[in-house]
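Asker: Sequence:
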Amino acid sequence: MKATPAFILRNCVLWADNDVKAGQTSDIGLNMPKEKTEKMRNGGMVKDRSIAMGYELEDLEFSLTALDPATIKLMTGRPGTEHAFMVTGALVDEDGTVTSAVYTVRGRLTSSDAGRWKPGDPAEMKCTVVQNYAKLEIGGEEIFEIDDFDYSVGGQSQTGEIRSALLLD
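Going by this note's numbering, the sequence shown opens with residue 638, and the numbers climb by one from there.
Be aware that a few hints might be false.
[What the hints assert, rightly or not] Result set (DSS-like, lysine-lysine): computed pairs, CA atoms no more than 30 Å apart in a straight line: (1) Lys676 to Lys639; (2) Lys671 to Lys772; (3) Lys673 to Lys755; (4) Lys772 to Lys755; (5) Lys673 to Lys772; (6) Lys772 to Lys676; (7) Lys763 to Lys710; (8) Lys671 to Lys763; (9) Lys755 to Lys639; (10) Lys639 to Lys710; (11) Lys684 to Lys671; (12) Lys710 to Lys676.
Bear in mind the hints are in silico, worked out from the structure with no lab data behind them.
Just so it is clear, the structure is predicted and the values come from calculations on it, not from any experiment.
Work out the full structure: start from the sequences and follow the hints.
Answerer: Here is the structure:
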């Protein structure tokens, strides 16, 4: 454990379908997996209990300071069409240590809102990507990985035993 602040995000960049958006991305919203729960209270219980029912993964959101045709063209709406998106970040400790963070996504661009255009003001294009797959690595170490059928933390499946019970492995 360090005695000074660590893993401070100092800079980041977005890649859309292997095209780096350095100098064009003004805001990136990463959403981590959340446990989906349902409340249940059966006979003999005096209070509800939240039961883990799986996971949810909200959309990736980002804003560009350009009306980028290459990004707009990623919104095809065709079933089965996915594109790679990646966010890379430089995490810097107060002792000078620099660590890379990489957030990798496969998904579909579902909206690209060009906002309002006003002479003399920068226009922003807000984009939303449905995440079908996501993986976060910090310093080359897997933090989590999720797709439609598995969720891993630190390289360890959190759903493998259930998949085995269903004879899916």
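Asker: Determine for every hint whether it applies to the structure shown.
Answerer: Verification of the supplied hints:
Taken as a hint, the Lys676 and Lys639 pair is broken in the structure, with Cα atoms around 39 Å apart against an allowance of 30 Å. With a C-alpha separation of about 14 Å, the suggested pairing of Lys671 with Lys772 holds against the 30 Å cut-off. Between Lys673 and Lys755, the direct Cα distance comes to roughly 42 Å. Violation of the 30 Å bound is thereby established for this hinted pair. Restraint check: the Cα-Cα separation between Lys772 and Lys755 comes to about 38 Å, which exceeds 30 Å; the hinted pair is violated.
Proposed proximity of Lys673 and Lys772 is supported: the alpha carbons are some 19 Å apart, at most 30 Å. Restraint check: the Cα-Cα separation between Lys772 and Lys676 comes to about 29 Å, which is no more than 30 Å; the hinted pair holds. Simply put, Lys763 and Lys710 have alpha-carbon atoms about 14 Å apart, close enough for the 30 Å limit, and the pair holds. For the suggested pair Lys671 and Lys763, the alpha carbons sit about 23 Å apart, so the restraint of at most 30 Å is met.
Our distance criterion of 30 Å between C-alpha atoms is broken by Lys755 and Lys639, whose separation comes to about 48 Å. Proposed proximity of Lys639 and Lys710 is contradicted: the alpha carbons are some 45 Å apart, above 30 Å. At most 30 Å may separate the alpha-carbon atoms for a hinted pair to count; Lys684 and Lys671 meet this at roughly 23 Å. With a CA separation close to 42 Å, the supplied pair Lys710 and Lys676 exceeds the 30 Å bound.
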